[in-house]
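Student: Its first residue numbered 1, the sequence shown is counted upward by one per residue in the numbering used here.
Note that these hints are calculated values from the structure, not bench results. Don't take every hint at face value.
[Unchecked claim] Ranges between beta-carbon positions, derived for each pair:
no., residue 1, residue 2, range
1, 40, 20, 24 to 30 Å
2, 74, 3, 15 to 21 Å
3, 48, 68, 27 to 33 Å
[Stated by the list, open to error] Derived DMTMM-like pairs: lysine to aspartate or glutamate, alpha-carbon spacing no greater than 25 Å straight-line:
no., residue 1, residue 2
4, 61, 3
5, 50, 75
6, 50, 37
7, 50, 3
8, 5, 37
9, 61, 18
10, 5, 40
11, 47, 37
12, 4, 37
13, 4, 43
14, 5, 43
15, 47, 59
16, 4, 59
17, 50, 23
18, 24, 75
19, 5, 23
20, 24, 3
21, 24, 40
22, 4, 40
23, 24, 10
24, 5, 18
25, 24, 43
26, 47, 3
27, 24, 42
28, 24, 37
C-beta: ideal position from N, C-alpha, C; glycine also.
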Amino acid sequence: MNEKKVTLWDSMRAMSTDITIPDKERILYLNAQASLDNGELDERIAKSLKRNLSRIAMEAKLSASGVQFLSQLSDLYMGYGRRDNLSL
1 MNEKKVTLWD
11 SMRAMSTDIT
21 IPDKERILYL
31 NAQASLDNGE
41 LDERIAKSLK
51 RNLSRIAMEA
61 KLSASGVQFL
71 SQLSDLYMGY
81 GRRDNLSL
């Protein structure tokens, strides 16, 4: 995992303990953290997290730090075709 991804997941770990973040959102971070700790693929976790955070964002209930995290997550884990591994 590259340095940017490690930094992203570290920020998620910090948000999972932030009591100012709504519980519905924090639970997603806690579940993702548990999955990472259990050795699941980060790409799979990112895909699930993007889908679930996007649903909360569509309800306009995603925290400001959650919006920033979702944006970074989407940049680093682009989805199909593994374009995230290209070096330009």
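Student: Each hint needs a verdict: does it hold in this structure or not?
Tutor: Checked hints:
The hinted window of 24 to 30 Å between residue 40 and residue 20 holds, with their beta carbons roughly 27 Å apart. Look at residue 74 against residue 3: about 18 Å separates their beta carbons, and that is inside 15 to 21 Å. Against the hinted window of 27 to 33 Å, the Cβ-Cβ separation of residue 48 and residue 68 comes to about 19 Å, which falls outside the hint. Annotation: proposed proximity of residue 61 to residue 3 is violated, straight-line Cα distance about 29 Å (limit 25 Å).
Using a Cα cut-off of 25 Å, the hinted pair residue 50 and residue 75 holds, with the two alpha carbons roughly 11 Å apart. Proposed proximity of residue 50 and residue 37 is supported: the alpha carbons are some 18 Å apart, at most 25 Å. Distance hint between residue 50 and residue 3 is fulfilled; the C-alpha atoms sit about 20 Å from each other, no more than 25 Å. Restraint check: the Cα-Cα separation between residue 5 and residue 37 comes to about 15 Å, which is no more than 25 Å; the hinted pair holds.
Straight-line distance between C-alpha atoms of residue 61 and residue 18 comes to about 16 Å, which keeps the hinted pair within the 25 Å bound. Restraint check: the Cα-Cα separation between residue 5 and residue 40 comes to about 15 Å, which is no more than 25 Å; the hinted pair holds. The hinted pair formed by residue 47 and residue 37 meets the criterion: a straight-line CA distance of about 17 Å does not exceed 25 Å. A distance of roughly 18 Å separates the Cα atoms of residue 4 and residue 37; the hinted pair therefore holds under the 25 Å criterion.
At most 25 Å may separate the alpha-carbon atoms for a hinted pair to count; residue 4 and residue 43 meet this at roughly 14 Å. Simply put, residue 5 and residue 43 have alpha-carbon atoms about 10 Å apart, close enough for the 25 Å limit, and the pair holds. A threshold of 25 Å between alpha carbons decides the hint, and for residue 47 with residue 59 the separation of about 19 Å falls inside it, so the pair holds. In summary, the hint linking residue 4 to residue 59 is not supported, as the alpha carbons are separated by about 28 Å, beyond the 25 Å threshold.
Note on residue 50 and residue 23: the hinted pairing holds, with a Cα-Cα distance of about 17 Å set against a maximum of 25 Å. Annotation: proposed proximity of residue 24 to residue 75 holds, straight-line Cα distance about 23 Å (limit 25 Å). Between residue 5 and residue 23 the CA atoms are separated by roughly 24 Å; this keeps the pair inside 25 Å, and the hint holds. For the suggested pair residue 24 and residue 3, the alpha carbons sit about 28 Å apart, so the restraint of at most 25 Å is broken.
Between residue 24 and residue 40 the CA atoms are separated by roughly 22 Å; this keeps the pair inside 25 Å, and the hint holds. The suggested pairing of residue 4 with residue 40 holds, with an alpha-carbon distance near 18 Å, which does not exceed 25 Å. For the suggested pair residue 24 and residue 10, the alpha carbons sit about 19 Å apart, so the restraint of at most 25 Å is met. About 20 Å separates the Cα atoms of residue 5 and residue 18, which keeps this hinted pair within 25 Å; it holds.
For the proposed pair residue 24 and residue 43, the alpha carbon gap of about 22 Å is at most 25 Å, so the pair holds. This hinted pair checks out: residue 47 and residue 3 have alpha carbons roughly 19 Å apart, not beyond 25 Å. At most 25 Å may separate the alpha-carbon atoms for a hinted pair to count; residue 24 and residue 42 meet this at roughly 21 Å. Restraint check for residue 24 and residue 37: satisfied, since their Cα atoms lie roughly 20 Å apart, inside the 25 Å limit.
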